[in-house]
Amino acid sequence: MIRKIGVPLAAIVIFLILWELLVWANGWPNYKMASPSDLWPAFWQYRELFLIQGWETLWRTVVGLGLAVIVGILLGMVMGFSRTMREALYPLLVGFNAIPKATVVPIIALMFVGQHDLNTILIAFMISFFPIAVSVSIGLSTLEPEYRDILRSLGASNLTIFWKIALPKTLPEFFGALKVSVTLAFIGTNLMEIVSPHGRGLGALFDSGKTNADFPLMFAVLLALAALGIALYYVVVFLERTFAGWAERPEH
Amino acid sequence: MSSEALIDIKGVTHAYKTKSGPLPVLDDLNVSVKEGGFVAVVGPSGCGKSTLTRLIAGLMKPNEGEVWLHGARVTSPRSTVGMAFQNPVLLEWRSILDNVILPLEIVPTKLSRKEKEARAEELLALVGLEGFESKRPSELSGGMRQRASLCRALVHKPDVLILDEPFGALDAFTREDLWQTMHALKAKEPFTGVLITHDLRESIFLADEVVVLSGRPATTQYRLPVAFEGARTIDHLYTPEAAEMLNVLRHQIEIAQGRVAA
Ligand SMILES: Nc1ncnc2c1ncn2[C@@H]1O[C@H](COP(=O)(O)OP(=O)(O)OP(=O)(O)O)[C@@H](O)[C@H]1O
Ligand SMILES: [Mg+2]
Numbered sequence: 004m005i006r007k008i009g010v011p012l013a014a015i016v017i018f019l020i021l022w023e024l025l026v027w028a029n030g031w032p033n034y035k036m037a038s039p040s041d042l043w044p045a046f047w048q049y050r051e052l053f054l055i056q057g058w059e060t061l062w063r064t065v066v067g068l069g070l071a072v073i074v075g076i077l078l079g080m081v082m083g084f085s086r087t088m089r090e091a092l093y094p095l096l097v098g099f100n101a102i103p104k105a106t107v108v109p110i111i112a113l114m115f116v117g118q119h120d121l122n123t124i125l126i127a128f129m130i131s132f133f134p135i136a137v138s139v140s141i142g143l144s145t146l147e148p149e150y151r152d153i154l155r156s157l158g159a160s161n162l163t164i165f166w167k168i169a170l171p172k173t174l175p176e177f178f179g180a181l182k183v184s185v186t187l188a189f190i191g192t193n194l195m196e197i198v199s200p201h202g203r204g205l206g207a208l209f210d211s212g213k214t215n216a217d218f219p220l221m222f223a224v225l226l227a228l229a230a231l232g233i234a235l236y237y238v239v240v241f242l243e244r245t246f247a248g249w250a251e252r253p254e255h
Numbered sequence: 208m209s210s211e212a213l214i215d216i217k218g219v220t221h222a223y224k225t226k227s228g229p230l231p232v233l234d235d236l237n238v239s240v241k242e243g244g245f246v247a248v249v250g251p252s253g254c255g256k257s258t259l260t261r262l263i264a265g266l267m268k269p270n271e272g273e274v275w276l277h278g279a280r281v282t283s284p285r286s287t288v289g290m291a292f293q294n295p296v297l298l299e300w301r302s303i304l305d306n307v308i309l310p311l312e313i314v315p316t317k318l319s320r321k322e323k324e325a326r327a328e329e330l331l332a333l334v335g336l337e338g339f340e341s342k343r344p345s346e347l348s349g350g351m352r353q354r355a356s357l358c359r360a361l362v363h364k365p366d367v368l369i370l371d372e373p374f375g376a377l378d379a380f381t382r383e384d385l386w387q388t389m390h391a392l393k394a395k396e397p398f399t400g401v402l403i404t405h406d407l408r409e410s411i412f413l414a415d416e417v418v419v420l421s422g423r424p425a426t427t428q429y430r431l432p433v434a435f436e437g438a439r440t441i442d443h444l445y446t447p448e449a450a451e452m453l454n455v456l457r458h459q460i461e462i463a464q465g466r467v468a469a
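Protein sequences appear in the order of chains V and E.
For the first sequence, this note's numbering assigns the number 4 to the initial residue and increments by one for each residue that follows.
For the second sequence, this note's numbering assigns the number 208 to the initial residue and increments by one for each residue that follows.
Any given hint might turn out to be false.
In silico negatives: residues of chain V with every beta carbon more than 12 Å from chain E [stated by the list, open to error]: (1) L12; (2) E149; (3) R155; (4) T163; (5) K172; (6) W249.
Computed list of lysine to aspartate or glutamate pairs in EDC-like fashion (alpha-carbon distance at most 20 Å, straight line) [as the list claims (entries may be wrong)]: (7) V:K182 <-> V:E251; (8) E:K395 <-> E:E322; (9) V:K172 <-> E:E312; (10) V:K172 <-> V:E147; (11) V:K172 <-> E:E324; (12) E:K323 <-> E:D305; (13) V:K167 <-> E:E299; (14) E:K226 <-> E:E242; (15) E:K268 <-> V:E251; (16) V:K172 <-> V:E149; (17) E:K268 <-> V:D217; (18) E:K395 <-> E:E383; (19) E:K395 <-> E:E346; (20) V:K167 <-> E:E324; (21) V:K172 <-> E:E242; (22) E:K217 <-> E:E299; (23) V:K167 <-> E:E242; (24) E:K395 <-> E:D406; (25) V:K172 <-> E:E329; (26) V:K167 <-> E:D305; (27) E:K217 <-> E:E383; (28) E:K226 <-> V:E90; (29) E:K342 <-> E:D366; (30) E:K364 <-> E:E299; (31) E:K224 <-> E:D235; (32) E:K393 <-> E:D235; (33) V:K7 <-> V:E243; (34) E:K393 <-> E:E328; (35) V:K35 <-> V:D217; (36) E:K364 <-> E:E271; (37) E:K342 <-> V:E90; (38) E:K393 <-> E:E329; (39) V:K182 <-> V:E90; (40) E:K364 <-> E:D406.
The hints are simulated quantities; they were obtained by calculation from the structure and are not laboratory data.
The C-beta atom is built at its ideal place from N, Cα and C for all residues, glycine as well.
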């Protein structure tokens with residue numbers, strides 16, 4: 004337990020100290036690179052804003068991610084069970100995923116003008132469903148036929164086979180993809196928050212820091228984003244342990 | 208009743224559709240197993256033995272011919288069948304006990320959860336897995352996993368047991384242990400069985416009839432009734448009768464492989 008929390012914590016502290024030293028040794032001014040000791044005043048000064056905007060970013064990311072999970076699993080199921088659908092949908096999905104989302108952001112922003120929440124959630128969703136869909140479809144399509152036969156020979160329906168075998172067996176791959184998707188969803192949310200005029204969330208706070216040349220604020224936002232990202236990542240790790248802990252091999 | 212065949216495969220012909228046209232796998236195959244009987248099926252690799260098991264289980268329909276179980280024509284899977292494969296396919300996220308219980312969650316049953324557990328525990332004890340109920344499959348050896356897989360195949364008291372090379376991946380000693388376990392199971396849990404195997408000694412040790420299939424497309428090439436006096440022990444495999452039977456079977460396999468003329 005000490006090791007699990009202490010080691011990562013120590014690593015973060017060491018990182019902050021090195022950062023401070025680097026800025027101090029080079030004598031960089033704030034507009035070049037703020038140092039950690041400049042960030043605390045920024046955090047403190049805007050503490051209320053950080054809480055409010057952090058919450059905005061967090062809930063929209065989580066909702067977008069939730070959508071990505073639902074749509075990703077459904078798409079993955081369709082592609083995993085039907086070869087025809089897999090062959091039909093893969094090129095479309097790959098093409099869609101290849102489009103840089105930074106170019107989609109203004110399009111979405113124009114499509115639903117003024118609906119900032121919807122836009123943000125949409126981008127978070129669009130950027131993060133792909134890994135989930137692919138992992139679920141691969142997990143299902145590579146299920147050994149014997150697993151299916153064990154239940155099918157007893158007269159089990161496809162739905163039963165999905166719940167009892169296919170889904171649990173795919174969970175480790177699913178959580179692997181979810182860890183990637185969490186980070187992606189954050190990127191999506193922030194893209195929209197930064198780009199939207201009158202946006203909300205940490206991205207908008209970053210943008211206002213930029214406008215006012217408040218460099219410590221900008222860096223403080225980056226740190227807050229990192230902290231949120233880490234927190235959400237570990238939520239996924241916790242869920243993974245709970246639901247797919249069996250996939251961890253006993254240590255030798 | 209006893210003379211009537213419980214498993215009856217009548218003139219079954221089957222071909223797979225492949226990219227390069229139809230691949231004939233079974234050709235006018237006839238096999239019948241009477242109630243309580245245990246038939247071993249041997250034949251060259253790739254001749255269609257696993258296909259045969261899938262047809263008996265109702266997982267596929269033959270192009271021609273009929274499969275009958277218990278006087279009813281098989282057109283779809285039925286819950287009175289138990290299956291085990293070379294790969295034990297245990298579910299890693301379930302304990303051994305819950306793996307064995309799995310079929311009882313599928314087939315209609317009036318058993319309570321307690322009774323299901325008791326049934327699974329009874330079988331696990333019978334195959335020597337007492338005390339391993341709460342272990343995960345990954346904590347068991349290959350032979351133990353296969354034992355658990357056999358329990359799962361039998362837990363819902365199927366009247367037909369289909370085994371597709373269940374001992375194929377095990378070492379020789381473990382395999383002989385499991386042969387004994389099979390006899391113990393058969394004494395306690397009456398079933399009618401079909402065993403696919405590549406091991407001729409296994410076929411005569413376990414079965415009361417050995418069917419040799421020809422090369423692909425497979426048809427029934429030879430039948431060998433197996434009879435030993437008294438309860439079977441490994442020692443029986445070292446008697447002159449056994450040597451004679453093994454010789455005949457080996458010769459038949461060579462014919463099936465096309466290595467010698469009939
Ligand atoms: N789903 C399928 N589609 C097309 N061809 C198949 C399919 N399943 C099996 N075959 C082919 O049919 C033939 C018989 O297969 P089967 O698995 O029944 O043989 P087998 O006797 O069990 O082989 P082995 O002894 O290696 O287990 C093989 O040539 C195989 O390649
Ligand atoms: Mg086979």
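The hints, checked one at a time:
1. L12: holds (32 Å)
2. E149: Violated, since 5 Å does not exceed 12 Å.
3. R155: violated (6 Å)
4. T163: violated (7 Å)
5. K172: violated (8 Å)
6. W249: Incorrect as stated: the minimum Cβ-Cβ distance to chain E is 4 Å, not above 12 Å.
7. V:K182 <-> V:E251: holds (16 Å)
8. E:K395 <-> E:E322: Holds - the C-alpha atoms of E322 (chain E) and K395 (chain E) are around 18 Å apart, at most 20 Å.
9. V:K172 <-> E:E312: With a Cα-Cα distance of about 18 Å, the restraint between K172 (chain V) and E312 (chain E) holds, given a limit of 20 Å.
10. V:K172 <-> V:E147: This hinted pair holds, its Cα atoms lying about 11 Å apart.
11. V:K172 <-> E:E324: violated (23 Å)
12. E:K323 <-> E:D305: holds (10 Å)
13. V:K167 <-> E:E299: holds (12 Å)
14. E:K226 <-> E:E242: violated (40 Å)
15. E:K268 <-> V:E251: Violated: K268 (chain E) and E251 (chain V) sit about 40 Å apart, past 20 Å.
16. V:K172 <-> V:E149: holds (13 Å)
17. E:K268 <-> V:D217: violated (74 Å)
18. E:K395 <-> E:E383: holds (19 Å)
19. E:K395 <-> E:E346: violated (27 Å)
20. V:K167 <-> E:E324: holds (18 Å)
21. V:K172 <-> E:E242: Not OK: K172 (chain V) and E242 (chain E) at ~37 Å, beyond 20 Å, violated.
22. E:K217 <-> E:E299: violated (39 Å)
23. V:K167 <-> E:E242: Given that 20 Å is the threshold and the Cα spacing comes to 32 Å, the pair is violated.
24. E:K395 <-> E:D406: violated (25 Å)
25. V:K172 <-> E:E329: violated (28 Å)
26. V:K167 <-> E:D305: holds (12 Å)
27. E:K217 <-> E:E383: Between K217 (chain E) and E383 (chain E) the Cα gap is close to 33 Å, so the pair fails against 20 Å, i.e. violated.
28. E:K226 <-> V:E90: holds (17 Å)
29. E:K342 <-> E:D366: violated (29 Å)
30. E:K364 <-> E:E299: violated (24 Å)
31. E:K224 <-> E:D235: holds (18 Å)
32. E:K393 <-> E:D235: violated (30 Å)
33. V:K7 <-> V:E243: Satisfied, since the Cα-Cα distance of roughly 16 Å is no more than 20 Å.
34. E:K393 <-> E:E328: Holds - the C-alpha atoms of E328 (chain E) and K393 (chain E) are around 17 Å apart, at most 20 Å.
35. V:K35 <-> V:D217: holds (11 Å)
36. E:K364 <-> E:E271: Given that 20 Å is the threshold and the Cα spacing comes to 30 Å, the pair is violated.
37. E:K342 <-> V:E90: At roughly 40 Å apart (the allowed maximum being 20 Å), E90 (chain V) and K342 (chain E) break the hint.
38. E:K393 <-> E:E329: Distance ~14 Å between K393 (chain E) and E329 (chain E) Cα, so the pair holds.
39. V:K182 <-> V:E90: violated (26 Å)
40. E:K364 <-> E:D406: violated (27 Å)
When held up to the earlier numbered hints, the structure conflicts with 2, 3, 4, 5, 6, 11, 14, 15, 17, 19, 21, 22, 23, 24, 25, 27, 29, 30, 32, 36, 37, 39, 40 and fits the remainder.
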